[in-house]
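Engineer: Now for the letters of each chain:
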Amino acid sequence: MLVEARDVAKKYPGKWALDGVTFSADQGKVLGVLGENGAGKSTLFRIISGITRPTRGTVAIAGMPVSLETRKIVAYLPDINPFYEWMRVMEQMEFLASFYPEWDMNKTSELLAFLDVSPNDRIGELSRGQQAKLKMVYAFSWPSRLVLMDEPLGGIDPPTRKKVISTLFHEFRYGEQGIFICTHLVSEVEEFIEDVLYMKKGKIVLSDQADLLREKKGKSLTGIFEEIAEGRMRDEG
Amino acid sequence: MSHFWRLYAQEMRNLGVRYLIFLIAYFAINGIVYFTHIDKRILNITLTSSLMLVIIFIIPPVLLALSFRKDKEHLAFSLPMRRASIFLSRYLAAFTMLVAAFFAAALWSIFVIVPLNLHQMEQSYIGVGHTDFFRMIPYYNDFWGFLLNESHYFLYTKVLLFYSFVFLGIVSLTCSLRYMFRRFSEFMSNLSVLILFIALYWIGLHNPIPIGVGHESMIISLIAGLLFLAIGLFLFEKYGEL
Numbered sequence: 001m002l003v004e005a006r007d008v009a010k011k012y013p014g015k016w017a018l019d020g021v022t023f024s025a026d027q028g029k030v031l032g033v034l035g036e037n038g039a040g041k042s043t044l045f046r047i048i049s050g051i052t053r054p055t056r057g058t059v060a061i062a063g064m065p066v067s068l069e070t071r072k073i074v075a076y077l078p079d080i081n082p083f084y085e086w087m088r089v090m091e092q093m094e095f096l097a098s099f100y101p102e103w104d105m106n107k108t109s110e111l112l113a114f115l116d117v118s119p120n121d122r123i124g125e126l127s128r129g130q131q132a133k134l135k136m137v138y139a140f141s142w143p144s145r146l147v148l149m150d151e152p153l154g155g156i157d158p159p160t161r162k163k164v165i166s167t168l169f170h171e172f173r174y175g176e177q178g179i180f181i182c183t184h185l186v187s188e189v190e191e192f193i194e195d196v197l198y199m200k201k202g203k204i205v206l207s208d209q210a211d212l213l214r215e216k217k218g219k220s221l222t223g224i225f226e227e228i229a230e231g232r233m234r235d236e237g
Numbered sequence: 238m239s240h241f242w243r244l245y246a247q248e249m250r251n252l253g254v255r256y257l258i259f260l261i262a263y264f265a266i267n268g269i270v271y272f273t274h275i276d277k278r279i280l281n282i283t284l285t286s287s288l289m290l291v292i293i294f295i296i297p298p299v300l301l302a303l304s305f306r307k308d309k310e311h312l313a314f315s316l317p318m319r320r321a322s323i324f325l326s327r328y329l330a331a332f333t334m335l336v337a338a339f340f341a342a343a344l345w346s347i348f349v350i351v352p353l354n355l356h357q358m359e360q361s362y363i364g365v366g367h368t369d370f371f372r373m374i375p376y377y378n379d380f381w382g383f384l385l386n387e388s389h390y391f392l393y394t395k396v397l398l399f400y401s402f403v404f405l406g407i408v409s410l411t412c413s414l415r416y417m418f419r420r421f422s423e424f425m426s427n428l429s430v431l432i433l434f435i436a437l438y439w440i441g442l443h444n445p446i447p448i449g450v451g452h453e454s455m456i457i458s459l460i461a462g463l464l465f466l467a468i469g470l471f472l473f474e475k476y477g478e479l
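Just so you know, the protein sequences line up as chains A and B, in that order.
The opening position of the first sequence corresponds to residue 1 in the working numbering, with each subsequent residue numbered one higher.
The opening position of the second sequence corresponds to residue 238 in the working numbering, with each subsequent residue numbered one higher.
Some clues are possibly wrong.
[Unchecked claim] One-sided excerpt, in silico: chain A residues whose CB lies under 8 Å from chain B:
no.: 1; residue: TYR76
no.: 2; residue: TRP86
no.: 3; residue: ARG88
no.: 4; residue: MET90
[Unchecked claim] Calculated lysine-lysine pairs in the DSS-like style (CA-CA distance at most 25 Å, straight line):
no.: 5; chain 1: A; residue 1: LYS29; chain 2: A; residue 2: LYS217
no.: 6; chain 1: B; residue 1: LYS475; chain 2: A; residue 2: LYS11
no.: 7; chain 1: B; residue 1: LYS307; chain 2: A; residue 2: LYS11
no.: 8; chain 1: B; residue 1: LYS475; chain 2: A; residue 2: LYS15
no.: 9; chain 1: B; residue 1: LYS475; chain 2: A; residue 2: LYS72
Note that these hints are calculated values from the structure, not bench results.
Glycine included, each C-beta is placed from N, C-alpha and C at the ideal position.
I would like the entire structure built from these sequences, with the hints used as guidance.
Structural biologist: Below is the structure:
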């Protein structure tokens, strides 16, 4: 088991962002975490990555509780630009490489060239699309066990989106790595999602294998997402 | 290089270099005023130095506060290193700036302010003033004799350093609180710094511990600064989150 979350809850002043989330995810699969804004997806990712502490519950990654050790095997790509804006692209990559012994600088150069990101550009001057590409370089320049992608396609144009998605699934180490992806653009990544979690108001309302769900509901993941968002589906999680 | 020193180097590159440029520019401007406006230099130096010396000691704690930006911490927090490393690397970068400010200000006091004051005295007594640092040394036997005699100028700089050290400690503590309590905003953090600093000063004024130039007050400042730092570090490591 790659990730095991038990009764995870997070309370922010005046509200529960997550409330009793329990799920497990296998290694080597792509898990889609879907839901509207405020459903608790980002909070869940932050807890798994170790940057936020749960109010209640536990999360284990590769059998280890979230800690310094798990941060060595998890690549977390938030929905904002996480990089130091005053650094140049290659400087940032070298800085990151120093934290991961297995980082492959040849792979970094290869990905930067493929994604058409100049190593000498200053990060603060990159467009949103370029920043999204840089996140992919970070995620796949080293053999992380788990990649957490929070809205990797948000605010970028369709051609760039296409390139980001193709990198994502070309570089994904099937069988060795897990990817958790949370996006509103479900249709763009629908074909790659193997397992799916639908979240609403801090809870999991539906979870299953994507193929089984499509078959059971007779509609696409996007269709199911819309149905849940409109409140037409009862809690089946 | 360990993660800590790598982070420290990044902080120094980001904030430290800008501060050092500012420091050099400040003293260069003062130097120009000193050497080119000979008649007005006493007034100019007094006005600019006293105010600006305070400012250069305030900037490092302000830069420390600015380096803690919750919206830009996702990467640092998700990297495989202890939170304490993030915290201490930033603190140490700000402290380095403070030490740089101290040395620059101390040299400025010794080489410019002291000779200038003596120059002024000479002018009042004999109508001609031609004192500079190198002419003065023989009158005090040696460099250290000179420093000892004029140490009160140097001492103001030292006092500023210690006040700033306390300030740095308070800032590091309030920054930690921002990472513990979601509702503890940047504004509240800044307000707390101000209140704590004034409260400490007030306590000092109403207690037998002399505030200002004595060794006791420096020791108290050192202890207070370190205490705030230790609490801040503990809270950040144990409870800090985004």
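Engineer: Evaluate each hint against the coordinates.
Structural biologist: How the hints compare with the structure:
Taking 8 Å as the C-beta cut-off, the interface hint given for TYR76/A holds, the closest approach to chain B being about 4 Å. Taken as an interface hint, TRP86/A checks out: its beta carbon lies about 6 Å from the nearest beta carbon of chain B, inside 8 Å. Hint on ARG88/A is violated. Least Cβ distance to chain B is approximately 12 Å, over the 8 Å limit. For MET90/A, the interface hint is violated, the least distance from its beta-carbon to any beta-carbon of chain B being 14 Å, above 8 Å.
The straight-line distance between the Cα atoms of LYS29/A and LYS217/A is roughly 22 Å, inside the 25 Å bound, and the hint therefore holds. Between LYS475/B and LYS11/A, the direct Cα distance comes to roughly 18 Å. Compliance with the 25 Å bound is thereby established for this hinted pair. Only pairs whose Cα atoms come within 25 Å are accepted, and LYS307/B paired with LYS11/A is accepted, the gap being roughly 18 Å. A hinted pair counts as satisfied when its Cα atoms are at most 25 Å apart, and LYS475/B with LYS15/A qualifies at roughly 23 Å.
Between the alpha carbons of LYS475/B and LYS72/A the distance comes to roughly 19 Å, so the proposed pair stays at or under 25 Å and holds.
Hint violations for this structure: numbers 3 and 4, all remaining hints satisfied.
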